[in-house]
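Yeah, the sequence shown ends on 589 if you go by the numbering used here, and it's all consecutive.
By construction, these hints were calculated from the structure, which means they are not laboratory data.
All C-beta atoms, glycine included, are put in the ideal place defined by N, C-alpha and C.
Errors might be hidden in some of the hints.
As a list, the in silico DSSO-like pairs of lysine-lysine whose alpha-carbon atoms are at most 30 Å apart [to be verified]:
(1) Lys323 <-> Lys577
(2) Lys332 <-> Lys508
(3) Lys305 <-> Lys503
(4) Lys577 <-> Lys363
(5) Lys285 <-> Lys472
(6) Lys339 <-> Lys305
(7) Lys508 <-> Lys285
Label-pair ranges, simulated between beta-carbon atoms [as the list claims (entries may be wrong)]:
(8) Arg489 <-> Thr389: 26 to 34 Å
(9) Ala448 <-> Gln523: 51 to 59 Å
(10) Asn473 <-> Asn274: 33 to 41 Å
(11) Gln499 <-> Arg319: 32 to 40 Å
(12) His441 <-> Asn507: 25 to 33 Å
(13) Asn554 <-> Leu466: 21 to 29 Å
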Amino acid sequence: MMNVANEILSGLVNHPKSLSNLQCLHYDHEGSLIFEKIVLQDEYYVARTERSILKSNADEIIVKTVDNRNKRLRIVELGAGTASKTSILLAAAVKHQGSAIDYFPIDISSSALTEAQSSLTCLVPDVCVIPQIKNYVTDEFILPNFDGCTLVIYIGSSIGNFSREAATRILSHVHKQLKAGDALLLGVDMCQDPAVLLPAYNDKNGVTSAFHLNVLLHLNREFGYNFDLDQFRYKVIWNKHHSRVEKHVESLCSQQVKCINQSEEHIIYFNQGETIHIEDSQKFTNEQITMLLNNAAFQIEHIWSDEHKWVNIIIARVLPK
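Take these sequences, add in the hints, and give me the full structure.
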């Protein structure tokens, strides 16, 4: 398998240039801190809407997860971050179970997991936090055997950052860790007016811009590049054909960027206006998300949404084999 440094170089010498399959580049220490600010921006409806849905329906979500049976519950979360929204579900789970609950947050950012563990100790003290510092896309995460119901949480519309094929692979790997009766709680951003979508990824305070430009700084810090951020700008594009918001960084001039990697020097050439495709945010119809889950051997049981139908929170069940 190609290592990350080689994948980066390959993505930058290709035409068009793309790093959109390397989500890990966003979440170094600086990137994780900036992302926590993104979710506070007025334009970023995703986090605010998702939190509202969880807050209004947490008890029902937990009851439906255990299927009204007297079963113990544990919760696993992909890309947990600081678990600020997950604390709502954890509190509901502890209340429903009447005892302590195990929570396995999985994230590439050790600083985010440390903050999650610290905040949950105060907010929901009956939760036993068992963190795993892993890239859930590329690394194996193995869950210990459990005599009860496992709920895997994958919220924040993170599934939309991947192609349909990559998303299916992620969900299929989750499915392999589960047994019949276990469940997935998936947060999905739905198709809607680009006038709502685009500002969510290009806030007036420039926080989202800083988040994506930090990828270039990450390449400078960790991989030997010499990007000059004054010569690049962030831009967003609505790709109607693929139903996605594309995030790019655009070169403001013709220029060269050097990379010294393991004593080898590489030169990346940019034309004025040429972009690096940094990330996607896929938007889904109900039919598309149903197909995605079915392809990964999950069956939708229940959907919660907001009044605008902007965000769906979905419980999908692992069926008997």
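Right, here's what the structure says about each hint:
1. Lys323 <-> Lys577: 16 Å, holds
2. Lys332 <-> Lys508: 35 Å, violated
3. Lys305 <-> Lys503: 19 Å, holds
4. Lys577 <-> Lys363: 29 Å, holds
5. Lys285 <-> Lys472: 26 Å, holds
6. Lys339 <-> Lys305: Roughly 37 Å between the alpha carbons, so the hint for Lys339 and Lys305 is violated.
7. Lys508 <-> Lys285: 20 Å, holds
8. Arg489 <-> Thr389: 26 to 34 Å: Because 31 Å falls inside the window, the suggested range holds.
9. Ala448 <-> Gln523: 51 to 59 Å: Because 56 Å falls inside the window, the suggested range holds.
10. Asn473 <-> Asn274: 33 to 41 Å: For Asn274 against Asn473, whose Cβ atoms are near 35 Å apart, the range 33 to 41 Å holds.
11. Gln499 <-> Arg319: 32 to 40 Å: Given about 37 Å between the Cβ atoms, the range holds.
12. His441 <-> Asn507: 25 to 33 Å: Because 27 Å falls inside the window, the suggested range holds.
13. Asn554 <-> Leu466: 21 to 29 Å: 22 Å, holds
Hint compliance for this structure: hints 2, 6 are broken, all remaining hints hold.
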